[in-house]
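Q: As a plain string of letters, each chain reads:
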Amino acid sequence: DTAVSQTPKYLVTQMGNDKSIKCEQNLGHDTMYWYKQDSKKFLKIMFSYNNKELIINETVPNRFSPKSPDKAHLNLHINSLELGDSAVYFCASSQGTGGALRGYTFGSGTRLTVV
Amino acid sequence: DAKTTQPPSMDCAEGRAANLPCNHSTISGNEYVYWYRQIHSQGPQYIIHGLKNNETNEMASLIITEDRKSSTLILPHATLRDTAVYYCIVRGGAQKLVFGQGTRLTINP
Numbered sequence: 001d002t003a004v005s006q007t008p009k010y011l012v013t014q015m016g017n018d019k020s021i022k023c024e025q026n027l028g029h030d031t032m033y034w035y036k037q038d039s040k041k042f043l044k045i046m047f048s049y050n051n052k053e054l055i056i057n058e059t060v061p062n063r064f065s066p067k068s069p070d071k072a073h074l075n076l077h078i079n080s081l082e083l084g085d086s087a088v089y090f091c092a093s094s095q096g097t098g099g100a101l102r103g104y105t106f107g108s109g110t111r112l113t114v115v
Numbered sequence: 116d117a118k119t120t121q122p123p124s125m126d127c128a129e130g131r132a133a134n135l136p137c138n139h140s141t142i143s144g145n146e147y148v149y150w151y152r153q154i155h156s157q158g159p160q161y162i163i164h165g166l167k168n169n170e171t172n173e174m175a176s177l178i179i180t181e182d183r184k185s186s187t188l189i190l191p192h193a194t195l196r197d198t199a200v201y202y203c204i205v206r207g208g209a210q211k212l213v214f215g216q217g218t219r220l221t222i223n224p
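Quick note, the sequences are listed as chains A and B, same order.
Numbering follows the working numbering, with no gaps: position 29 of the first sequence is 29.
Numbering follows the working numbering, with no gaps: position 32 of the second sequence is 147.
Hints listed in this document are in silico derivations from the structure and should not be mistaken for laboratory results.
Everything numeric in this text was worked out from a predicted model, so none of it was measured.
For glycine and all other residues, C-beta sits at the position ideal for the given N, C-alpha and C.
Check before you lean on any hint, since a few could be wrong.
Unchecked claim - Ranges of calculated distance between the beta carbons of each label pair, as one might list FRET restraints:
| # | chain 1 | residue 1 | chain 2 | residue 2 | range |
| --- | --- | --- | --- | --- | --- |
| 1 | B | Glu181 | A | Ser80 | 48 to 56 angstroms |
| 2 | A | Leu27 | B | His155 | 22 to 30 angstroms |
| 3 | A | Gly16 | B | Gly130 | 49 to 57 angstroms |
| 4 | A | Gln95 | B | Leu195 | 28 to 36 angstroms |
If we strip away everything but chain A, and leave its shape as in the complex, we get:
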């Protein structure tokens, strides 16, 4: 019944590896987001997709590639992982890009640790 679900919840991997994080929402929303929360607890938006189209790309390295196969899914693929990529990654969704007055719904996060 989880509204926004992310997998995996924890991910430990070595530098240089490629990994993916998956996100699915069952709220019928048309817009999805990826946020990164670093060790200092700052939450920063990375990407946003509306109806499978990229609408926000916040100067994220090219090693990060989001993919949205449909409105309900937004996956995040990371190539050549670096130590600095260690963070908690949150997926979120909303209805519409402009209004979204009811707010965003966030997933429970994926804690990525690069060793």
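Let chain A serve as the given structure and place chain B on it in line with the hints.
A: Below, chain B alone, put in the same frame as chain A:
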């Protein structure tokens, strides 16, 4: 990017009302005030939002000053489960949701 100023931390006794202030002196006419919170290790949770009028829902009340330059989130009867980081965010139109540092609220027994 954040357009708001909040105290870094606050304490409140369990059962009391927790009043969390937020300054947003540069708010534009079409921008809403949103409040989210993040309980440890969880994703941010929407609490409430408002434009001009005071708002109340099952979680909290939002009081916005007449000039809209500041607001206060009120948790009427704080419980230990309300311990979290509370974010005040100003956002309008198609703007992205930008989180500042927030206020770390600790509810003490």
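Q: How does the Cβ-Cβ distance of Glu181 (chain B) and Ser80 (chain A) compare with 48 to 56 angstroms: does it lie in that range?
A: With a Cβ separation near 53 angstroms, Glu181 (chain B) and Ser80 (chain A) satisfy 48 to 56 angstroms, so the hint holds.
Q: CB of Gln95 (chain A) to CB of Leu195 (chain B), is that within 28 to 36 angstroms?
A: 33 angstroms Cβ-Cβ, so the 28 to 36 angstroms window holds.
Q: Taking the Cβ atom of Leu27 (chain A) and the Cβ atom of His155 (chain B), is their distance within the range 22 to 30 angstroms?
A: 24 angstroms, holds
Q: Would you say the C-beta atoms of Gly16 (chain A) and Gly130 (chain B) sit inside 49 to 57 angstroms of each other?
A: 52 angstroms, holds
In summary, the structure agrees with every hint in the numbered list given earlier.
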